[in-house]
Amino acid sequence: MSASFTLAEIAERCGAELRGDADCRISGVETLEHAGADQISFFNNAKYRKFLRETRAAAVILRPSDAADCPGNMLLTDNPYLVWARVTHCFSPSPNHQAGIHASATVDADARIDASAVVAAGAVIGAGAVIEANAYVGPNCVIGREAVLGQGSRLLASVVLMDRVRLGKNCLIHPGAVIGSDGFGLANDQGRWEKVAQLGSVVIGDNVEVGANTTIDRGAIHDTRIHDGVKLDNQIQVAHNVEIGENTAIAACTGISGSTRIGSGCTLAGGVGVVGHIELADGVHVSGASVVSRSLREPGVYTGGVLAMPHKMWQKNIARIKQLDSMARRLKTLEKTLARLQGEQDDGRD
Amino acid sequence: MSASFTLAEIAERCGAELRGDADCRISGVETLEHAGADQISFFNNAKYRKFLRETRAAAVILRPSDAADCPGNMLLTDNPYLVWARVTHCFSPSPNHQAGIHASATVDADARIDASAVVAAGAVIGAGAVIEANAYVGPNCVIGREAVLGQGSRLLASVVLMDRVRLGKNCLIHPGAVIGSDGFGLANDQGRWEKVAQLGSVVIGDNVEVGANTTIDRGAIHDTRIHDGVKLDNQIQVAHNVEIGENTAIAACTGISGSTRIGSGCTLAGGVGVVGHIELADGVHVSGASVVSRSLREPGVYTGGVLAMPHKMWQKNIARIKQLDSMARRLKTLEKTLARLQGEQDDGRD
Amino acid sequence: MSASFTLAEIAERCGAELRGDADCRISGVETLEHAGADQISFFNNAKYRKFLRETRAAAVILRPSDAADCPGNMLLTDNPYLVWARVTHCFSPSPNHQAGIHASATVDADARIDASAVVAAGAVIGAGAVIEANAYVGPNCVIGREAVLGQGSRLLASVVLMDRVRLGKNCLIHPGAVIGSDGFGLANDQGRWEKVAQLGSVVIGDNVEVGANTTIDRGAIHDTRIHDGVKLDNQIQVAHNVEIGENTAIAACTGISGSTRIGSGCTLAGGVGVVGHIELADGVHVSGASVVSRSLREPGVYTGGVLAMPHKMWQKNIARIKQLDSMARRLKTLEKTLARLQGEQDDGRD
Numbered sequence: 133m134s135a136s137f138t139l140a141e142i143a144e145r146c147g148a149e150l151r152g153d154a155d156c157r158i159s160g161v162e163t164l165e166h167a168g169a170d171q172i173s174f175f176n177n178a179k180y181r182k183f184l185r186e187t188r189a190a191a192v193i194l195r196p197s198d199a200a201d202c203p204g205n206m207l208l209t210d211n212p213y214l215v216w217a218r219v220t221h222c223f224s225p226s227p228n229h230q231a232g233i234h235a236s237a238t239v240d241a242d243a244r245i246d247a248s249a250v251v252a253a254g255a256v257i258g259a260g261a262v263i264e265a266n267a268y269v270g271p272n273c274v275i276g277r278e279a280v281l282g283q284g285s286r287l288l289a290s291v292v293l294m295d296r297v298r299l300g301k302n303c304l305i306h307p308g309a310v311i312g313s314d315g316f317g318l319a320n321d322q323g324r325w326e327k328v329a330q331l332g333s334v335v336i337g338d339n340v341e342v343g344a345n346t347t348i349d350r351g352a353i354h355d356t357r358i359h360d361g362v363k364l365d366n367q368i369q370v371a372h373n374v375e376i377g378e379n380t381a382i383a384a385c386t387g388i389s390g391s392t393r394i395g396s397g398c399t400l401a402g403g404v405g406v407v408g409h410i411e412l413a414d415g416v417h418v419s420g421a422s423v424v425s426r427s428l429r430e431p432g433v434y435t436g437g438v439l440a441m442p443h444k445m446w447q448k449n450i451a452r453i454k455q456l457d458s459m460a461r462r463l464k465t466l467e468k469t470l471a472r473l474q475g476e477q478d479d480g481r482d
Numbered sequence: 133m134s135a136s137f138t139l140a141e142i143a144e145r146c147g148a149e150l151r152g153d154a155d156c157r158i159s160g161v162e163t164l165e166h167a168g169a170d171q172i173s174f175f176n177n178a179k180y181r182k183f184l185r186e187t188r189a190a191a192v193i194l195r196p197s198d199a200a201d202c203p204g205n206m207l208l209t210d211n212p213y214l215v216w217a218r219v220t221h222c223f224s225p226s227p228n229h230q231a232g233i234h235a236s237a238t239v240d241a242d243a244r245i246d247a248s249a250v251v252a253a254g255a256v257i258g259a260g261a262v263i264e265a266n267a268y269v270g271p272n273c274v275i276g277r278e279a280v281l282g283q284g285s286r287l288l289a290s291v292v293l294m295d296r297v298r299l300g301k302n303c304l305i306h307p308g309a310v311i312g313s314d315g316f317g318l319a320n321d322q323g324r325w326e327k328v329a330q331l332g333s334v335v336i337g338d339n340v341e342v343g344a345n346t347t348i349d350r351g352a353i354h355d356t357r358i359h360d361g362v363k364l365d366n367q368i369q370v371a372h373n374v375e376i377g378e379n380t381a382i383a384a385c386t387g388i389s390g391s392t393r394i395g396s397g398c399t400l401a402g403g404v405g406v407v408g409h410i411e412l413a414d415g416v417h418v419s420g421a422s423v424v425s426r427s428l429r430e431p432g433v434y435t436g437g438v439l440a441m442p443h444k445m446w447q448k449n450i451a452r453i454k455q456l457d458s459m460a461r462r463l464k465t466l467e468k469t470l471a472r473l474q475g476e477q478d479d480g481r482d
Numbered sequence: 133m134s135a136s137f138t139l140a141e142i143a144e145r146c147g148a149e150l151r152g153d154a155d156c157r158i159s160g161v162e163t164l165e166h167a168g169a170d171q172i173s174f175f176n177n178a179k180y181r182k183f184l185r186e187t188r189a190a191a192v193i194l195r196p197s198d199a200a201d202c203p204g205n206m207l208l209t210d211n212p213y214l215v216w217a218r219v220t221h222c223f224s225p226s227p228n229h230q231a232g233i234h235a236s237a238t239v240d241a242d243a244r245i246d247a248s249a250v251v252a253a254g255a256v257i258g259a260g261a262v263i264e265a266n267a268y269v270g271p272n273c274v275i276g277r278e279a280v281l282g283q284g285s286r287l288l289a290s291v292v293l294m295d296r297v298r299l300g301k302n303c304l305i306h307p308g309a310v311i312g313s314d315g316f317g318l319a320n321d322q323g324r325w326e327k328v329a330q331l332g333s334v335v336i337g338d339n340v341e342v343g344a345n346t347t348i349d350r351g352a353i354h355d356t357r358i359h360d361g362v363k364l365d366n367q368i369q370v371a372h373n374v375e376i377g378e379n380t381a382i383a384a385c386t387g388i389s390g391s392t393r394i395g396s397g398c399t400l401a402g403g404v405g406v407v408g409h410i411e412l413a414d415g416v417h418v419s420g421a422s423v424v425s426r427s428l429r430e431p432g433v434y435t436g437g438v439l440a441m442p443h444k445m446w447q448k449n450i451a452r453i454k455q456l457d458s459m460a461r462r463l464k465t466l467e468k469t470l471a472r473l474q475g476e477q478d479d480g481r482d
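Chains as they are written, first to last, in my numbering: chain A, 133 to 482; chain B, 133 to 482; chain C, 133 to 482.
Hints are computed from structural coordinates only; laboratory data are not their basis. For clarity, every value in this text was computed on a predicted model and none was experimentally measured. Each hint should be verified, as a subset may be incorrect.
The list treats identical chains as interchangeable, and a pair is accepted whether it falls inside one copy or across any two copies.
[Unchecked claim] The list that follows gives simulated cross-link-like pairs (lysine-lysine, DSSO-like), each with its CA atoms no further than 27 angstroms apart: (1) K327 x K464; (2) K301 x K179; (3) K179 x K444; (4) K464 x K454; (5) K182 x K448; (6) K464 x K182; (7) K444 x K454; (8) K468 x K301; (9) K448 x K464; (10) K327 x K301; (11) K464 x K444; (12) K444 x K182; (13) K444 x K327; (14) K327 x K179; (15) K182 x K301; (16) K454 x K468; (17) K301 x K444.
Turn these sequences into a full structure, and let the hints steer you where they fit.
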């Protein structure tokens, strides 16, 4: 992280309007509270206004409407977090891998590895696989037969791509992810299970990110499909024949059952479960740990579950859930009885 | 997938009754809707009857009672999905691995590897391990000391079997699975945790399938046991000393806590949680994302949880959960009061 | 497991008071029910008193107050499970790895590996990494640039430590764990996501255990921090900038969202979900499968969720959840009406 830039360079590279000292040197990023005189920070949340006013940051990325509260140099933008995202990459240590195949990698003679690609130590690449230009196959990754790793895509370490899986350009796959494992297809023969061969594959678009230890199963007949710009966090499970639309982001520990289609521009928070064979419309947002059991055809926010509370409160109240139907019926009866009684009393009074 | 068979060959191999052109050549599988003139399909769900009537498939696997709706050749059976399962394997690309130990694998001198077994690139096999006939140890798998991989069992890629784990015959273990990691055994010493050594192992029967990134912990004293024919999907956690009965199938992201015994012929859907030290009878079926907190001694279907709904509806209603006990009490009071009131009114009227 | 000790040796090594035959030879551990004449067992749960009375164990670890029920030799202690934990290690097979770097490992010339450390087959270690004395890097592990593995810490197999991750002393990391993967940081640009570089790292203290396939993300700006003595089970997800306090133990399949701080001495049971940017006080205990959505500032036990019940019971009652708010309002109305009615009736009677 020894890189250093002038504020003018950063403004130009990241798409913001500079206000202040163009030659000010920036050598890192920090929070408003902790930034020093050579670090840049950002302001995107009103609750940190106190820190903005007191910051010693070399410069702050913020909205023009917040400029009055900033004591120093500024990068003005309508989307401070987006500019911040771009700035972080200026200070991200460059991996600096050398093109070529490491001596300890095992590459099938029938695989095609672009000369600009990197195949790191211990990687194993099967027959017919294609590794395109500037792609990176990290240490101990395994790539199956006829799999395709598109231009500039990176498998960081110990990633497994099974046979015939295809990834587009500029994808980033974190360690331990498994793409193209068999879908869970079983036929029952008088109590005993027989496996249904999973003949489809997984097709992943461009600019897709897949988190650590996430699993994406291959399709039964057709392919499982992850479209351009999808972002998947860690430990997500995507079952066979799922389709995830463009630019949908899914947080960790979410599981999506077979043949479900998720629209584009959706967000699923962490720990969500989605049953199989349903559809979520574009722009559906599911809250953390919710279970989606039916198609959601309208965009909007959906939530389920009963959140944690002090154990005694939970115990006392949750026990009543099993009486809910009875309570509803008794409430109805009471309403009727009371109405009748009220009627009689009114009659009596007349 | 260049294989091709006559319909008669498929009928015989997969156990169905042929009706139509025995010499019809089949070169692949497809859905009823998309099948072409050289592809076989199946009909198992009444909601696709329209597609059955219009299919251009070379042949369809279906029940005799549905034959009237099929325009072409048929394979008749009482269990179409089972025959379909068998047919898919006719068209599954054969892995075609060459027996022997890859030059880049590391095999301890004291391991016994059958001459018909395959040990792929980058695999590491410890002292005393036994790899039986026709077993397959995929790329970058790790097998601990004295572990046993039974006849015809396959570890696809980056699978870890820890020391002394034993797998039976014809098991299939998907990438990233870890079998035999330590159970979570801790003793508390005035706030600080001390580890309990996990001295048991994991014993897995025949024909067991374990999904990608699933973890199965070794037992504390005795072994964790997975019986014949069990099928585990991806990202399942099986804690120490769990026992899973024959032919039980468990879907992805389910977690089973320590010392719990699950019967045979059970199904647990995705995302289920099961607490420790309980028993589930044979034939228990647990719905997706349910949490099982006590023994289930009767077969049947069990469900829990509150499913996702529009966020505002959830917010309004779930807030009331903390009032449930009070509501139940107030309801009871109302009933008593009303009964008394009604009595008095009746008295007054008399 | 051919080790054998006198009962006196065990008593001294494990910190318990011997009562009985000091020379009695112990060659293994077993449950009270199954122990034979050369095995030691423990009694810590009143429900097994029957087995204590009938045990044939060579010796039993138990509280002085239970001594009257023990037919044989005893190790007396106020914390039988803790002494048991120590005894198990006497009979744990020693790994017996030879110091040095395996020929098939790939170690960057700029990494520093202590002469007493073990680097097993297929491991890959990056530039600037430091492997301290007696540390163990298991088969097919990957260690990034400038990562530090402290004295006596062990990565069992296929563990990935990404660049600059630092582990303290005597940590134990189970297979498939990924430490230092990128946090899930995304900025939205008109529907499209841009990645926020994750410039922090992960810092792990001493005596930390991390389960199989658990993932711990690196921080965005600052580090993710796991303090001394924390124990993490399998398949846990720890998001970026989480902090977990000393001696907190977390069971399998739990997910903790970004920037959340968990106190010391907490326990989170299996399958718990914790939202981001909140704090859990020291001594908070969360029950299995609960979802924590707000800061818990008081120690105590917290629980959420609706547990599994027979499906029909669930169906009937859970459908009413969507009427809860309406039920609460109607109950209130009934109470008012009834009170009024009662008043009128009383008035009428006067």
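Could you work out which earlier hints the structure fails to respect and list their numbers in ascending sequence?
Hints 1, 2, 5, 6, 8, 12, 13, 15, 17 contradicted; others consistent.
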